[in-house]
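J.: Go ahead and model the full structure; you've got the sequences and the hints to work with.
Read top to bottom, the protein sequences are chains F and B. Here this note's numbering is used: the first residue of the first sequence is 6, the next is one more, and so on. Here this note's numbering is used: the first residue of the second sequence is 37, the next is one more, and so on.
Treat the hints with caution; some may be incorrect.
[Unchecked claim] Not close to chain B: a few residues of chain F, all C-beta gaps over 12 Å, as computed:
no. : residue
1   : 14
2   : 24
3   : 37
4   : 49
5   : 50
6   : 59
7   : 73
8   : 85
9   : 88
10  : 118
11  : 119
12  : 125
13  : 129
14  : 139
15  : 151
16  : 154
[Said to hold, decoys possible] Quick look at which bits of chain B chain F covers, simulated, 3 or more residues with Cβ under 8 Å:
no. : stretch
17  : 89-99
18  : 107-121
The set of hints was computed from the structure by calculation and includes no laboratory data. Glycine included, C-beta positions come from ideal geometry on N, C-alpha and C.
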Amino acid sequence: MMLRDELDLEFDHVGVIVESLDDAAAQFARLFPIEAWTDRFDDDVLGVSVCFGREKSGLVYELIAPFGPDSPVARAARTNRDRLNQVAYRTSDLRRARDRFESQGALVLGEPKRALAFDRALVQFFYVPQGFIVELIEGVEFRHDFRRKTSLGEATFAP
Amino acid sequence: MVASRRGPETLVASSALVLRFGERGRPNVILPWVNDRTGMATLFGVIDEIKHPALHSLILRQLRLTPRHEKFLSRRFQNAAFDDLSLCDELAQRITTIAGDQIDVFCNDYDFICNIVQEEEYHFRRYDEYRLKSFQDAIAQVYANKPYMDSYMNGLLMTQMYWSNHTACFRFYRDRYLPSLPDRYEFVEVGPGHGLLLYQAASDPRARSVSGWDLSEASIAQTQSALARMGNAHRANLTIQDLFDAKAHEERFDGIGFSEVLEHLEEPDRALRHLRSVLKIGGQLFVNVPINSPAPDHLYLLRSPEEAMEAVAKAGFVIEETGFYPATNYTLEQARKLTLTISVCLIARRT
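T.: So, in structure tokens, the structure goes:
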């Protein structure tokens, strides 16, 4: 119980890999009760294009599409495997969180990087013993800017 | 003995070599390969105990003590070229000799250096700067703390094999820089630290004199001890010498080694100008400086290899040769894009 209390983790989103943001966002809006969308972010450093959709209950989906030739999600997008890719949490101290995750058996997947979609906050990925990927974002204060209201099939993304 | 087929090779779980560290429930058994044809045990499919015995033994020891480095070291070595492995084996022999019966301490100190560098890495990523601002801070927080410094230096020695950019710099120095010096060259290394570079020069029959300078008595003693263990102490003249107070040595040397020192300095430009003054005209400087390389005692932040070249050229040198070596397990292109460490090696001639 103490372990959970000591680490501040706030749920941020569920990440889903898609082939194309435009197609997937429209499809998502037809399937799920998505109320609002963020802008699209083309992140050269992480090699992904992403956007976030908030559904009625408050749950946030991140749609992740490959960006650039070395995108880490290119294979998943191509092969239809690991599409439901990650669960993401915000934390105030990524370094501390890393220690905790490592001590609990998580594998660290790469070094921390700045992410465009989070105002260039540090993000880092872990493979937890439960068998899935967790993304940690440094910045408990961060909130997505859901500025785009959409209805079914109307999700369009201007660069 | 349990064996399972994988292509042309047989994976053998021998109780003497299998490492288990399974408390965390992750894939966690390291198994050396035994090649059917040669019968040799290999680590990561490439490091075999006959061709690279010192490296093989040191990595096994490292992984027994600190299994969390398995993934990193596996990636570091599994695609390494044979001559890279041979050089690492040579370095492993020297490091094992320097460490003597303290080799386990050195392995644990490698883990220590990874932790402290990681701490700095987070600071660097958060604020886009090195944490320390002045040499006084470095003294207070790092250099004056002997146990910390000892562990730091031991760990750094291990990185000469484990971090491919460090190995590549050693190779550049041995294969490109030293042969570029004239016959019967006079050489000084400023800040010889672990002593591996100085030892290499002291073992070169073409060298007429080999010196090592450092400001710190403790550092000189450490280099002396390393050279004595490797067996070439008599050929190197180690002295406590402030580079900024080296007037008596003006235009004396054919070559100067300046490896992983620049990034520790408050006045790097001034240091480069002083280095120039103790070189003969036409003499060659070897610089090894890491860019984007957060560490507990790094002050001088260079952001690109080109910036490093410019700093050296500005001090009155012509750059003759360069080598850019990205952080382990990254390509140069990736390192540039992600602002990761690149070790920059330069041969610079005094005009």
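J.: If we take the beta carbon of residue 88/F, is the closest beta carbon in chain B still more than 12 Å away?
T.: holds, 23 Å
J.: Would residue 154/F pass as off the interface with chain B, using Cβ distances and a cut of 12 Å?
T.: Residue 154/F is indeed farther than 12 Å from all Cβ atoms of chain B, at 34 Å.
J.: Looking at residue 24/F again, its CB stays over 12 Å from all of chain B?
T.: The claim stands: residue 24/F keeps its Cβ more than 12 Å from every Cβ of chain B (closest is about 24 Å).
J.: Minimum C-beta separation from residue 125/F to chain B exceeding 12 Å: can you confirm that?
T.: violated, 10 Å
J.: Please check whether the beta-carbon of residue 129/F is more than 12 Å away from every beta-carbon in chain B.
T.: Its Cβ does come within 12 Å of chain B, the nearest being 9 Å, so this is violated.
J.: Does the no-contact call for residue 151/F survive, Cβ to all of chain B over 12 Å?
T.: holds, 26 Å
J.: Against chain B, does residue 139/F keep a CB gap of more than 12 Å to every residue?
T.: Residue 139/F clear of chain B: closest Cβ-Cβ about 14 Å, beyond 12 Å.
J.: Minimum Cβ separation between residue 85/F and chain B greater than 12 Å?
T.: holds, 24 Å
J.: Compute the least Cβ-Cβ separation between residue 59/F and chain B, then decide whether it is above 12 Å.
T.: holds, 27 Å
J.: Counting residues of the stretch 89-99 of chain B that have a beta-carbon nearer than 8 Å to any beta-carbon of chain F, does the count reach 3?
T.: violated (count 0)
J.: Would you assess whether residue 14/F, listed as outside the interface, keeps its beta-carbon beyond 12 Å of every beta-carbon in chain B?
T.: Given that every Cβ of chain B is farther than 12 Å from that of residue 14/F, nearest at about 17 Å, it holds.
J.: Does residue 118/F clear chain B by more than 12 Å, comparing its Cβ with all Cβ atoms of that chain?
T.: violated, 7 Å
Violated hints, in rising order: 4, 5, 7, 10, 11, 12, 13, 17, 18; the structure is consistent with all others.
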